[in-house]
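Student: Residue numbers (my numbering), protein chains in the order written: chain P, 1 to 370; chain G, 1 to 370; chain R, 1 to 370.
For the record, the hints were derived by calculation from the structure and aren't laboratory data. Yeah, the Cβ is synthetic: ideal placement off N, Cα and C, and Gly gets one too. Incorrect hints may have been included.
Here are some chain R residues the structure puts well away from chain G; computed CB gaps all over 12 Å [claimed, not checked]: (1) Asn131; (2) Ser166; (3) Leu224; (4) Ala355; (5) His357.
Each pair of labels, with its calculated beta carbon distance range [claimed, not checked]: (6) G:Asn81 <-> R:Pro342: 37 to 47 Å; (7) G:Glu358 <-> R:Arg361: 48 to 58 Å; (8) R:Arg361 <-> P:Gln356: 46 to 56 Å.
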Amino acid sequence: MEVRTADILAPWNHLSQENVVVGFVDTLLRGTGQVMFQNNPITGLLFLIGIFYNSYQFGIAAVIGLLASTIAAMLLGADRNLIRAGLFGYNGVLTGVGLAFFLQLQWSAALIVYIIIGGVFSTVVFMALANFFSTWDMPALTAPFVLTTWLLLFAALLSAHLPTGSLINPALPKPNAAIQTLLRPLPIVPLGAGVTVGNLLQGFFRGIAEVFFQNNLVTGIIFLIAILVNSRISALFAALGSIVGMITALLLLGADGNAVYNGLYGFNAVLRGIAVGGVFYVINWKSGIYAVLCMIVGTVVFASLATLLSPLGMPALTAPFVLATWLFLLSKAAFHVLQPVPLAEVASPEQILRAQHEKERAVAGPELAT
Amino acid sequence: MEVRTADILAPWNHLSQENVVVGFVDTLLRGTGQVMFQNNPITGLLFLIGIFYNSYQFGIAAVIGLLASTIAAMLLGADRNLIRAGLFGYNGVLTGVGLAFFLQLQWSAALIVYIIIGGVFSTVVFMALANFFSTWDMPALTAPFVLTTWLLLFAALLSAHLPTGSLINPALPKPNAAIQTLLRPLPIVPLGAGVTVGNLLQGFFRGIAEVFFQNNLVTGIIFLIAILVNSRISALFAALGSIVGMITALLLLGADGNAVYNGLYGFNAVLRGIAVGGVFYVINWKSGIYAVLCMIVGTVVFASLATLLSPLGMPALTAPFVLATWLFLLSKAAFHVLQPVPLAEVASPEQILRAQHEKERAVAGPELAT
Amino acid sequence: MEVRTADILAPWNHLSQENVVVGFVDTLLRGTGQVMFQNNPITGLLFLIGIFYNSYQFGIAAVIGLLASTIAAMLLGADRNLIRAGLFGYNGVLTGVGLAFFLQLQWSAALIVYIIIGGVFSTVVFMALANFFSTWDMPALTAPFVLTTWLLLFAALLSAHLPTGSLINPALPKPNAAIQTLLRPLPIVPLGAGVTVGNLLQGFFRGIAEVFFQNNLVTGIIFLIAILVNSRISALFAALGSIVGMITALLLLGADGNAVYNGLYGFNAVLRGIAVGGVFYVINWKSGIYAVLCMIVGTVVFASLATLLSPLGMPALTAPFVLATWLFLLSKAAFHVLQPVPLAEVASPEQILRAQHEKERAVAGPELAT
C-alpha cells in the first residue's frame with residue numbers, strides 16, 4: 001500500500017519541485033494533512049474533501065485560514081523546509097474551521113478578516129512555541145491553533161460585529177447534574193438510544209471527523225481512509241483512540257451519552273493515539289500501551305477542561321490532546337522502556353520503524369561479520 | 001537525635017538493600033516522607049500513622065495512590081535511585097488522599113480505578129515536570145499532585161459515576177462578603193470563639209495536619225514529631241510556617257476565622273517553610289528571613305487561588321505552596337545574599353549545612369597550612 | 001533633540017555617580033521611565049509628574065511601590081547594574097499604583113503594608129521570570145507586575161481589611177450583550193457621542209495615560225512628551241499604538257465605545273508598539289509592520305482577557321501587552337526578515353539603529369578599502 005502511494009506521488013512530487021504553483025498547492029495539502037501528522041498531499045486532499053462533503057462553507061473557512069497562515073510564513077521569511085512540510089498550515093486550517101464553527105458561519109467582512117488574522121497569528125504563535133519547546137526537543141502540536149482560537153473566541157463576546165451563537169453559553173458548572181449517560185443521537189429523544197452497534201459506529205466515525213469539528217459519519221470514514229493512505233499504523237491508532245475515548249467516557253466517567261455519540265470524547269484521543277503511537281515514540285508493545293494510557297488519561301482531561309471553560313461557555317478544542325500529549329512526551333527521557341523519536345527525525349510511523357531497524361542492523365552488522 | 005535516628009535505621013537500611021520486599025516497603029515509606037521533603041522511612045511511617053489515626057479510609061486511599069505511582073515508575077523503567085528516594089511516591093500518596101477527600105469517600109469501582117489512574121498519571125507528570133524544570137535546576141515540588149488532582153476533580157463534575165460532595169460548590173466570588181474574622185471552630189457557633197490559646201494551638205497543629213488534608217489536632221502533633229525525627233531545622237520551619245500563615249491571615253488579610261482555625265491558611269506555609277528554610281537554600285539568618293517572606297506572600301496567594309477557583313468550586317490544594325516557592329527559588333541565581341542548593345545535593349537541612357561547612361573548611365584549610 | 005537631552009543630563013549623570021542619594025533618586029526615576037522602556041531619569045520624572053497631576057494619592061502609592069521593590073533588590077544583593085538601570089523599579093511602581101487604583105484608594109495600614117509586600121514580591125517575581133526567560137534571551141516585560149497585582153487583588157476578595165470597590169464586579173460574560181459601540185465619554189449619556197475629533201483625541205491621549213491607570217487627557221499629553229524626551233521612535237510607536245488600538249476596537253471588533261474613549265483599548269497597544277517597534281527588533285519597514293500586526297492582534301487579546309477574567313471581576317492589567325509581545329518576540333529566531341536585538345544590547349531605538357549602522361559599516365569598511 002505504502003509503496004503504491006509513493007509510486008502514485010512520484011510524478012506529483014517531481015512537478016511540485018519544478019512548478020511554483022504546484023509546489024504551493026502541495027504545501028497547502030501537506031499542511032492540511034499535518035493536522036493528523038500525515039505529511040502527504042493525498043491525505044490532505046482527502047481531509048479537505050471530507051470537510052467540503054459535510055459543508056462547503058466550513059471548507060471555504062478552512063482554506064482561508066490555511067492560505068493566511070501559509071502566506072504569512074512565506075512573507076516573514078520562515079524556514080522553507082518547514083513551510084514545504086506543511087508546518088505553517090495545520091494550525092491555520094484548524095483556526096479557520098474552528099472560528100467559522102463557533103461563530104456559527106455568520107459571514108461578514110469582520111468574520112473574514114478575523115479568520116485571516118487568526119491564520120496569521122497562528123503562524124506567529126507556532127514559531128513562538130516551536131522556539132520555546134525546542135529547549136526540550138518537543139513539538140508545539142496544535143497548541144498554536146488552540147491558543148489563537150481561544151483568544152479570538154473570547155474576544156468575540158465583547159464584540160458587536162462577531163456574534164457568537166448558541167454554542168457559546170457561559171454558565172457555572174453544576175456538579176453531577178442529572179447526566180444522561182445513555183448513548184444517543186439527540187439530547188432528549190430516547191428513540192434509538194443505547195449501546196447499539198449503530199450508535200457505537202456513529203460515535204466511532206464522528207470521533208475521527210470531529211478532529212476538524214465535522215460532526216458527520218461519512219466525513220469520519222473519509223478521514224480514516226485519508227490517514228490509511230499514508231500510514232497503516234497511524235490509522236490503527238486513530239481508530240484505537242476513538243474507541244478508547246468512547247469506552248473511557250462510557251465506563252469510567254459515565255459521561256453524557258449524547259456527547260459521546262457525537263464523537264466529542266473521541267477526537268482528542270484520536271490525535272493522542274497517532275502522536276504517541278508511532279510518531280513521537282518508536283512503536284512497539286510498550287509504547288503502544290503507553291499510548292493507550294495517554295488516551296485514557298486524556299479523555300478525563302477532556303471532561304476536565306470542559307468543566308474549566310464552562311464559566312466562559314468556551315470549547316476545549318484540542319487542548320486535551322495538547323496537554324496530555326505534552327506530559328506524555330516531556331517524560332520521554334526518563335522512562336527507559338520507551339524510545340523517543342528526535343523531532344528532526346519525525347516521519348510516518350512506518351518510516352521511523354524502518355530507520356530504527358536499519359540503525360539496529362548497522363550496530364549488529366559488524367558483530368555478525370566477525 | 002539525628003545520630004540516634006541513624007543508629008536505629010542502620011539495620012533497616014541494610015535489610016532494605018538485601019531484601020526486595022523490605023526495599024519496596026522502604027521505598028513506599030520514603031515516598032510518604034518526601035511529601036514534606038523528609039527522605040526517611042520512620043517519618044513516612046509516622047505520616048501514615050497520623051492519617052490512619054484520623055481515618056482508616058483516607059489511609060487506604062493514600063496507600064492505593066502510593067502503590068499506583070510507585071509501581072508505574074518501576075514498570076516504565078524510571079531511574080532506580082529516584083524511585084528508592086521516594087520521588088515517585090509523594091505525589092501518588094497525596095493524589096490518593098486528595099481524590100478520596102474531595103470525592104468524599106464514596107467508594108465504588110470507579111473511585112478506586114480513578115485513584116489508580118491518578119497515581120499512575122502523577123508519575124508521568126512528575127517526570128514531565130522534572131524534565132521541564134531541569135533546565136533551571138528546579139524541583140517539581142508537589143505540582144504533579146496538584147495538576148493531576150485538579151484535572152481528575154474537574155472531570156468528576158461531568159461524571160455520573162464519581163459524585164462530588166458538598167465540598168465542591170461552584171459560585172462566583174462575592175467580594176468582601178460579610179467575612180467573619182473571629183477565630184473559631186465552627187462557621188456559625190460563637191461559642192469558644194476568639195484568639196484564645198486553645199484556638200491558636202488548634203489552628204497551629206491542624207495547619208500541619210492539613211498538608212495531607214487531615215483536619216485533626218492529634219494528626220498534626222504526630223506529623224510534627226515525624227518531621228522532628230528526621231530534621232530539627234525542618235520541624236522548626238514547619239512550625240514557623242503554620243504560625244506565620246495564621247498571623248498573616250488574621251492580621252494582614254482579616255481572613256475567615258473558621259478557615260484559619262482549621263489550618264487552611266497554614267498547610268501551604270508549612271511546606272514553603274520547609275522548602276525555602278533549609279532544603280533548597282543553605283540555612284542562615286538571611287535565607288531564614290527569605291523563607292518567612294515566602295510564607296507571608298504565599299499566604300496571600302492561598303486566598304488568591306481560592307478566589308480564582310471559586311467559579312469551579314475547586315480547592316487550591318498545595319498550589320499556593322508550589323507557585324510561591326517556584327518564584328522564590330527561580331530567583332536564586334540573582335540574589336547574592338542567598339546560597340542555593342543544587343538539586344543533586346538536596347538532603348536534610350542539617351546534612352546540607354554540614355556539607356557546606358566542610359566545603360568552607362576545605363577552601364580555608366590549605367590557606368591555614370601555608 | 002537627543003543630543004540636547006544628553007547635554008542636559010551630563011552633569012546629573014556625573015552627580016549620580018558621585019553622590020549616593022542622587023544616585024538612588026536617579027535609580028527611582030529610571031525605574032519609572034522603564035515602564036515604557038525609557039532608561040532616562042527625565043522621562044521617569046515626567047511620568048511621576050503626570051501621575052501626581054491626575055491624583056497625588058496615586059502618586060504616593062506609586063512611590064511606595066517603587067521604593068519597596070528597589071530597596072528589596074538592594075537588600076537581596078541583586079546585580080548593581082540592573083538596579084541602576086531601573087529594572088527593579090518599573091514593576092514596583094506599577095504594582096503600587098495598580099493596587100491603589102483597584103482597591104480604590106481606601107487608605108489603611110493594611111493597604112500600605114499590602115503595597116509594600118506587592119513591591120517586594122514584584123522584585124522576587126522579576127528575578128524569577130528573568131531567570132526563566134533567559135533560556136530564550138527574552139525579557140520579563142511587565143509580567144512581574146501583572147502576576148503580583150493579580151495575586152494580591154484576587155486575595156483581597158477574601159479579606160475583611162482590604163475592601164475592593166465598585167471596579168471589581170464578578171459576573172459571567174454575556175455574549176454580545178447589547179454593546180454600545182458609539183464613541184462616548186460616559187456609558188449612558190448620548191451627549192457628545194460619536195467619532196468626533198474631540199472624542200478621538202481624548203481616546204488617543206487617555207490610551208497613553210492608562211499605561212499607569214491614569215484616565216486623564218493632560219496626563220496622556222505629559223506622558224507622550226516624556227517619551228519624546230528620550231526617543232522619537234518610541235514616541236512615534238506609542239502614538240501609533242494608541243491609534244491602532246482604537247481603530248481595531250472600533251472597526252474590527254465593534255467594541256464598547258465608552259471603553260475606547262477612556263483609552264482601555266489603547267494602553268496595551270502603546271506598550272506593544274514601543275517594545276516591538278524599535279526596542280526588541282531593529283526598526284525598519286518590516287519590523288514596523290510586524291509591530292502594527294502585534295498591536296492589532298494584541299487589541300483582540302485585550303478583549304479576550306477581559307472576558308476570561310469577568311467571572312472574577314478582575315482587570316486584564318497589561319497582560320494583553322505581555323502575552324502578545326512574548327509571542328511576537330519568541331518567534332524572533334525564525335523569521336528572517338526581522339533582526340532581533342539581544343537583551344544585553346537593548347537601549348533606545350535610536351541607539352540600537354546607530355549601533356546597527358556601525359556594525360554594517362565595520363563589515364562593509366574593509367571591503368571598500370580593498
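Student: How does the Cβ-Cβ distance of G:Asn81 and R:Pro342 compare with 37 to 47 Å: does it lie in that range?
Tutor: 39 Å, holds
Student: The output says R:His357 does not contact chain G. Does that hold with a beta carbon cutoff of 12 Å?
Tutor: 34 Å, holds
Student: Is it correct that the beta-carbon of R:Leu224 has no partner in chain G closer than or equal to 12 Å?
Tutor: 34 Å, holds
Student: Would you say R:Ala355 is clear of chain G, with no C-beta pair closer than or equal to 12 Å?
Tutor: 26 Å, holds
Student: Checking a non-interface call: every C-beta of chain G should be farther than 12 Å from the C-beta of R:Ser166. Is that right?
Tutor: 10 Å, violated
Student: Could you say whether the range 48 to 58 Å given as a hint is met by the Cβ separation of G:Glu358 and R:Arg361?
Tutor: The hint (48 to 58 Å, Cβ to Cβ) holds, given that G:Glu358 and R:Arg361 are roughly 56 Å apart.
Student: That 46 to 56 Å hint for R:Arg361 and P:Gln356 (C-beta), does it hold up?
Tutor: 52 Å, holds
Student: Taking the shortest Cβ-to-Cβ distance between R:Asn131 and chain G, state whether it exceeds 12 Å.
Tutor: 5 Å, violated
Figure legend: structure checked against the earlier numbered hints; hints not met, in rising order: 1 and 2.
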